[in-house]
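J.: Listed here are the chains, written in short residue letters.
2 protein chains.
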Amino acid sequence: MSDEALFTDLYELTMLRAYLAGRMHAPAAFEFFVRRLPPRRAFLIAAGLAQALDYLEALRFDERELEYLARTVPLEPAHVEYLRTLRFTGDVDAVPEGTLVFPDEPLLRVVAPIPEAQLVETRLINILHFQTLLASKAARTVLAAPGKQLVDFGSRRAHGLEAGVLCARAAFIAGFAGTSNLLAGRRFGIPVYGTMAHSFVQAHDDELEAFRLFTRANPNTVLLLDTYDMERAVHGVVRLVREEGLAIRGVRIDSGDLGAHAHAVRRILDAAGLEQCSIFASGGLDEDELVRLAASDAPIDGFGVGTRLDTSADAPYLDCAYKLQEYGGRPRRKRSEGKATWPGQKQVFRKRAADGLLVEDVVTLVGDSQPGEPLLVPVMRGGRRLGAAEPLAMIRARAEAQIQSLPERLRMLETVPEPYPVRISERLHSLAAALDRAGPRGT
Amino acid sequence: MSDEALFTDLYELTMLRAYLAGRMHAPAAFEFFVRRLPPRRAFLIAAGLAQALDYLEALRFDERELEYLARTVPLEPAHVEYLRTLRFTGDVDAVPEGTLVFPDEPLLRVVAPIPEAQLVETRLINILHFQTLLASKAARTVLAAPGKQLVDFGSRRAHGLEAGVLCARAAFIAGFAGTSNLLAGRRFGIPVYGTMAHSFVQAHDDELEAFRLFTRANPNTVLLLDTYDMERAVHGVVRLVREEGLAIRGVRIDSGDLGAHAHAVRRILDAAGLEQCSIFASGGLDEDELVRLAASDAPIDGFGVGTRLDTSADAPYLDCAYKLQEYGGRPRRKRSEGKATWPGQKQVFRKRAADGLLVEDVVTLVGDSQPGEPLLVPVMRGGRRLGAAEPLAMIRARAEAQIQSLPERLRMLETVPEPYPVRISERLHSLAAALDRAGPRGT
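Protein sequences, first through last, are from chains L and B.
Residue 195 in my numbering sits at position 195 of the first sequence; the count goes up by one each step and never skips.
To get my numbering, take the position in the second sequence, counting from 1, and add 1000.
Partial chain L-side listing against chain B, Cβ under 10 Å, derived:
| # | residue |
| --- | --- |
| 1 | A18 |
| 2 | L134 |
| 3 | S155 |
| 4 | G164 |
Hint data in this document are derived by calculation from the structure and do not stem from the laboratory.
Think of the CB as a built atom: it goes at the ideal place given N, C-alpha and C, for glycine as much as any other residue.
Just chain L, same shape as in the assembly:
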């Protein structure tokens, strides 16, 4: 996306002025991680890496942007010249998309000359935060409705265009069948789904006539029942199928008590021999509502999940950060109250039981080998991607396998009494203590 280079905070540029003034070009290691889980979350699904690498590969300022920066920051000619030729030349290691991640675990590490590594902070957080947030929310939704077809319906109330498109991607990674959003469908090859709106029915004097016209134009479609009166509408659907032979795949309910309506509609359809006609529901859904509907054995085959998914309504942000952990080869540690960081370039090792279930993660320094599988892998060197972007289907398969490896107690939708253990290695503890004693110091 154009404009991405300028999507940065002013302070990244005021710091750039000072880095250049101080001739500070040594490599800096920044890591992106989540400090703590939002309420009721037991795990996160890493997502957004593909867009993060796209951004880093394409990073450059055009002349109009440089002119704006020169005037606004303001920048001297030497700064402008630096930015004119700036490309991202750094290395990136990251946890592959679709991987389960937990607090204190770096999802991504940038190692680059400090002015570059600093400049990209704002947009990198913006990209990784949103898709990780959304994939994690969508994974909960999938866990709440096993075996059901879930479709992202939330573009209209997503926070802007990019949020709508990337929510569709994150939800697909987490196991959604697809999205209603055509732009997401085209950009990522995600299956698109859709039925009809109330407005189509309202634009006709007669609901049955609307159904007839719509079905002829869209054979094997799904008809929306709740514009006026749900029971009358379903009887109309029965007539169209049985008396007129129209091909109708299913019906959608979008208001009221979805479970009760689904039971009533199912009875009418079955009594008319339309057992194959499926029921699709939408309207104010989220994982909690899906659990309630499952508990009432609501005969619903698929769900359109919208606003509360696309906005991650119960937890609309993650407490995450992109922090300097090393500069010029020396580990660094921030010690702010409640926001202290683990210093140095880090790796995460994941231990599994013989049955594949996760047992424990250990966060340690790069180079300190531990039992288990290392999570961060090299994805970019010298500003160039290592290999092509992963196919979305592969990321989705990874997420599914990862969720299957979650111990049962962590698949709950409520706060878990015993969170997944993330252990900080002894070497990392020692390094932090040593830095607190003798490392970069306060005034």
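Model the placement of chain B on the given structure of chain L, informed by the hints.
T.: For chain B alone, coordinates are given in the frame of chain L:
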């Protein structure tokens, strides 16, 4: 923004197939409105109209998009031809940005041939919903901190690039001084603000040396105090100013008990004769936190408000809709449970007391004149804007004047016992009742 045309739900296109099959090209009137206020909200600020009109004016599909649609929806050649030449040719009436709005009041009305008016639903809601949500959240934040300088710091955790940029715009409309986001600054001419990050301090072996280098590169800057130890840092700032004569405008606190730290920092600064050095605070702020800080008389001059603003964290969405109210000159009414609409093309009249304070709004049909000021005005005819886009400063001034016209009881940040009265006119009640008896009917 490119790609906007394809940012639509699949069902808009399946309906388009049926509209074209049924030769339905009569004008449809759709209205965008909010059904009910989120918890703890007493008012909303309309925003996003400029982007909505930009979108409508620029609406067109390119060949690659048409190819995707033909294959995916799927579309026949006649449908593709229709879309190839499609431009938005309709009329738009809307409430000017920065205006207070309440439930059931249309913020925007589109009147256009039904395939056009339908197709734009998804993106129009997406645009108007987000900025109205954010301007309303930001207005609460401004009410919570009278006389303080507020800066939007939330781009990194906004839901994507567009959310970050448009949140900055919405916050500026609502009275924020500016944003940290350079892209928003350039696109909308919003003032940009920024200080420094912990990483800059951490990249130095000595905090004081970091402050010195940063201040020389950025005279009259704001220094960040909480990387290691707040009190030691502020004593360092005093030394730089008094002993080395560096020009420092202020300091920033970003963690811990902001109020307690501000009191301590203020005492040290004042004791050293640095009364002019201001204190800026950030970190987990929202309107509730600002109220608490004001109650403790925290000596803080300005605030960076981030994540909870940009995600509208306590209410991340509005219950809003874009609904068909008239087709072919005949009013229409949806009667779904809990989601019934008021039919027909509507106008809102706002009555004020002699002192200018708002008294009551009346929602009625276009043509039914009522006392007070009509809120919706013509903004687009035949797909062309009427006049240039309003300057942002004018919108901001309108919002300020509007908020000043709010009765005191509605300026509270809690749920108000007596919400602002929005009355549905007798003519509108009669029309709805008549339609329920004899209007477009169910099957």
